[in-house]
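Undergrad: Each residue of the sequence shown is one higher than the one before, starting from 108 at the first, in this note's numbering.
Hints are computed from structural coordinates only; laboratory data are not their basis. Glycine included, every Cβ here is placed at the ideal spot set by N, Cα and C. A couple of the hints might just be wrong.
[Said to hold, decoys possible] Ranges between beta-carbon positions, derived for each pair:
no.	residue 1	residue 2	range
1	159	136	13 to 21 Å
2	165	137	27 to 35 Å
3	143	178	29 to 37 Å
4	134	163	30 to 38 Å
5	134	159	17 to 25 Å
6	136	156	30 to 38 Å
7	133	188	28 to 36 Å
8	143	179	28 to 36 Å
9	151	128	26 to 34 Å
10	180	137	17 to 25 Å
11	156	128	16 to 24 Å
12	133	168	28 to 36 Å
13	133	162	27 to 35 Å
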Amino acid sequence: MILTLLAGLMIGQSAQQSASTSAAQGRMAHRGGSYRYEGVGFSAASAQQAIRNCCYYGQRTPIEIAVSRGRNGWYACVRYR
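Take these sequences, add in the hints, and give me the full structure.
TA: Written out as structure tokens, the structure is:
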């Protein structure tokens, strides 16, 4: 599931791939790549809470936000400037 949370912010595929992989494996992991700042989060309650649980959330400017539903909850990946 792809979410648009900020006006004009488009969600990138690489964050979605990371969130989907976390959901499929049932565990959070930093997959990095060319991003200096990446946050991963989990919540059994909601997709929004998984995003808020990501490292750096509210501290840096997001450039990609993605969430995927796993068997035990929501997995999020946020990549920042």
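Undergrad: Taking the earlier hints as the rules, which of them does this structure contradict?
TA: 2, 4, 6, 9 and 13
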